[in-house]
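2 protein chains.
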Amino acid sequence: MGFWKSLFSSSDAPSAPQAMHMEGDTSRAVGDRASSRIFFSTEREIDLYELEELCDAVGWSRRPLRKVKKAIQHSFLVVSMWEQQGSHRRLIGFSRATSDHAFNATIWDVVVHPDFQSKGLGKALMKQVIKKLRSEDISNITLFADPQVVDFYRNLGFMSDPEGIKGMFWYPD
Amino acid sequence: MGFWKSLFSSSDAPSAPQAMHMEGDTSRAVGDRASSRIFFSTEREIDLYELEELCDAVGWSRRPLRKVKKAIQHSFLVVSMWEQQGSHRRLIGFSRATSDHAFNATIWDVVVHPDFQSKGLGKALMKQVIKKLRSEDISNITLFADPQVVDFYRNLGFMSDPEGIKGMFWYPD
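These protein sequence lines are chains A and B, in that order. Just so we're aligned, residue 1 is where the first sequence starts under the UniProt record's numbering, counting upward by one. Just so we're aligned, residue 1 is where the second sequence starts under the UniProt record's numbering, counting upward by one.
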């Protein structure tokens with residue numbers, strides 16, 4: 001079900017075009033972590049406390065772990081991002097998408113640990129999500145973006161309100 | 001799994017508050033169909049050709065039935081609306097929602113047959129969808145609305161771009 005993908009490491013020369021693209025960011029991303037690598041995974045067996053810690057780090061409100069577990073189980077796609085140093089893996093990014101498995105997907109809960117932000121890793125994470133959804137023949141990839149990340153998603157090829165289509169949220173009276 | 005709910009009929013007095021609310025529309029909705037009733041269902045065993053006919057009637061582009069079937073199977077919720085006259089049932093409305101079964105749901109493919117529009121039936125259909133999602137403890141109900149139906153959803157309690165959150169769609173380069 002899952003896949004592990006090494007984006008880059010400071011010791012190996014990147015070979016895939018995307019890894020090449022990330023090379024310039026690599027030195028900044030890994031900094032003094034000489035032997036660290038960044039990995040992506042679609043495995044759902046994520047330590048919920050580690051995920052909570054990641055979400056705490058960006059200031060998100062806590063959510064019941066029981067519901068987080070259920071949401072992960074019932075997401076169409078889960079992509080997590082990890083820093084590996086030796087045998088130690090650290091969860092540094094996360095994203096998931098709901099879908100009807102046919103036409104539409106909606107991306108939720110995109111998070112990158114503050115220590116790893118502004119290094120192109122959020123972009124790399126989203127590219128993994130998009131690539132995976134496209135490989136599953138999903139044509140309509142959507143999300144709801146907070147104002148401060150609209151430009152981030154725009155740079156990735158997302159359009160806001162295309163043809164006047166509005167994202168709407170229901171609120172009880 | 002499914003439920004059948006009679007919204008109103010021209011012979012029975014409505015009793016639920018929602019049915020009461022619809023009473024004024026009932027005469028218009030059923031018109032000369034003296035013995036017709038409107039039903040809602042969450043059954044997924046919908047004749048795909050009948051659904052295609054409904055979507056044709058509102059001018060939607062045709063989609064491969066294989067994918068429509070898959071999308072229905074993998075939707076969290078499907079609500080269809082039917083007119084029943086004697087033993088004959090006619091599909092007059094449809095809606096479905098994707099979800100992570102925990103936090104978020106996104107409503108797709110809301111359609112009411114033109115013969116049954118402007119009678120409050122789209123509103124009744126959406127109220128069924130919202131009620132069902134709320135009963136499943138989904139707190140975040142979302143959708144993407146074409147410009148001409150933004151006011152329709154606003155009247156149902158949906159807000160566009162709350163706190164500047166933008167609906168975004170990914171387009172390949």
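Heads up, a few of these hints could be off.
Heads up, the list lumps identical chains together, so a pair's fine if it works in one copy or across two of them.
As the list claims (entries may be wrong) - The list that follows gives simulated cross-link-like pairs (lysine-lysine, DSS-like), each with its CA atoms no further than 27 Å apart:
#1 Lys131 with Lys70
#2 Lys70 with Lys119
#3 Lys119 with Lys67
#4 Lys69 with Lys123
These aren't lab readings, by the way, just hints derived from the structure by calculation.
Verification of the hints:
1. Lys131 with Lys70: Answer is both: 24 Å inside a copy and 21 Å across each meet the 27 Å cutoff.
2. Lys70 with Lys119: neither (31 Å within a copy, 38 Å between copies)
3. Lys119 with Lys67: Neither way: Lys119 and Lys67 sit 31 Å apart in one copy and 38 Å across, limit 27 Å.
4. Lys69 with Lys123: Cα proximity of Lys69 and Lys123: one copy only (25 Å, versus 33 Å across).
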